Amino acid sequence: MKKLISILLAAVLFCGILSGCSTSVSSMADTQNNDQNSVKSSQEEPITIRIGASITPHSEILKAADELLRDKGYQLDIVEFDDYILPNLKTAVESGELDANFFQHRPYLENFNEENDTHLVSVAVVHYEPFGLYPGKTTSLENLKDNAQIAIPNDGTNEARALLLLESLGLITLKDGVGTTATILDIAENPKNLQITEMAAAQLARSLQDVDMAVINGNYALQAGLDLNDALATEDKNSEVADTYANVLVVKEGNENSDAIKALSEVLTSPEIKTFINETYHGIFLPLF
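Numbering-wise, the working numbering comes out as the position in the sequence shown, counting from 1, plus 425.
One or more hints might be untrue.
Unchecked claim - Heads up, simulated DSS-like pairs for lysine-lysine below, C-alpha to C-alpha not over 27 Å straight-line:
id: 1; residue 1: K497; residue 2: K699
id: 2; residue 1: K687; residue 2: K515
id: 3; residue 1: K600; residue 2: K617
id: 4; residue 1: K662; residue 2: K600
id: 5; residue 1: K687; residue 2: K677
id: 6; residue 1: K617; residue 2: K570
To be verified - Here are the in silico distance ranges between beta carbons for each label pair:
id: 7; residue 1: G679; residue 2: D652; range: 39 to 45 Å
id: 8; residue 1: T705; residue 2: T606; range: 32 to 38 Å
id: 9; residue 1: K570; residue 2: D661; range: 24 to 30 Å
id: 10; residue 1: N568; residue 2: N541; range: 41 to 47 Å
id: 11; residue 1: K497; residue 2: Q620; range: 49 to 55 Å
id: 12; residue 1: D580; residue 2: P471; range: 31 to 37 Å
id: 13; residue 1: A613; residue 2: E535; range: 21 to 27 Å
id: 14; residue 1: E691; residue 2: D508; range: 27 to 33 Å
id: 15; residue 1: D661; residue 2: N568; range: 22 to 28 Å
id: 16; residue 1: G521; residue 2: G708; range: 33 to 39 Å
In case anyone wonders, no lab produced these hints; they're calculated from the structure. These figures come from a predicted structure and were not determined experimentally. All C-beta atoms, glycine included, are put in the ideal place defined by N, C-alpha and C.
Work out the full structure: start from the sequences and follow the hints.
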């Protein structure tokens, strides 16, 4: 009898040990699964790239790029600006407030660096926005009278670009060699005595009703509902101008080789973004990759 009781007690004790081990193993497995899920969740959280951009078309292009970036582990925080001067004037990229900006061409960037002692660099060439001469009170070049008023952008490189367009139409002649540094002071000949009025680029489309004509940036023309086909003249998309005034992705010098910026550059020059630009803007903006 005593032997039977001893055997029963041993069996109960052995079952208890097994039960405890089973519970412990199960608990350990649950803990490991939870840890793995936590790591997996952490790995899936995208890294944010903060970028400043003018609304049209830059912010729109970036929103299309954001969807593609998610597959690479990144997401965009897009800070939109109504006036393309602001993303640089606040020197947000230089200070680190923004990781990048996307709104400008290289001559504008180089001019800004020189005037503000900033260290911004281009990391990707994305697209080109042809300038157009749009009708205001005067609806054709043939009807343009003496002393007519033509409005142009008042910022350095875009002012020169507008003047070069007017020169290509035979409306003015610039001094030899001024090129992309031209200002209204460099007008050598003005046979119609045209009043060339400098104005903030963002205001040009809104002021069309008050002037005879205006040379307007493509993005502001589109925002105002203007069609490039309605322009009286445009820059030649096959000329050197297209390459010179290509719109670029910009970062602070030293950050151009970061994984995040490389991923963004790759996406912005991808076949998907080329298709997006072509199908969305129908030639108003042209991909250059």
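We went through each hint and held it up to the structure:
1. K497 / K699: holds, 19 Å
2. K687 / K515: holds, 24 Å
3. K600 / K617: Within the cut-off at roughly 17 Å; holds.
4. K662 / K600: Given that 27 Å is the threshold and the Cα spacing comes to 24 Å, the pair holds.
5. K687 / K677: At roughly 14 Å apart (the allowed maximum being 27 Å), K677 and K687 satisfy the hint.
6. K617 / K570: holds, 7 Å
7. G679 / D652: 39 to 45 Å: About 42 Å separates the Cβ atoms of G679 and D652, which means 39 to 45 Å holds.
8. T705 / T606: 32 to 38 Å: holds, 33 Å
9. K570 / D661: 24 to 30 Å: At roughly 27 Å between Cβ atoms, D661 and K570 fall inside 24 to 30 Å, so the hint holds.
10. N568 / N541: 41 to 47 Å: holds, 42 Å
11. K497 / Q620: 49 to 55 Å: holds, 51 Å
12. D580 / P471: 31 to 37 Å: holds, 35 Å
13. A613 / E535: 21 to 27 Å: holds, 25 Å
14. E691 / D508: 27 to 33 Å: holds, 29 Å
15. D661 / N568: 22 to 28 Å: holds, 24 Å
16. G521 / G708: 33 to 39 Å: This hint holds: roughly 37 Å between Cβ atoms.
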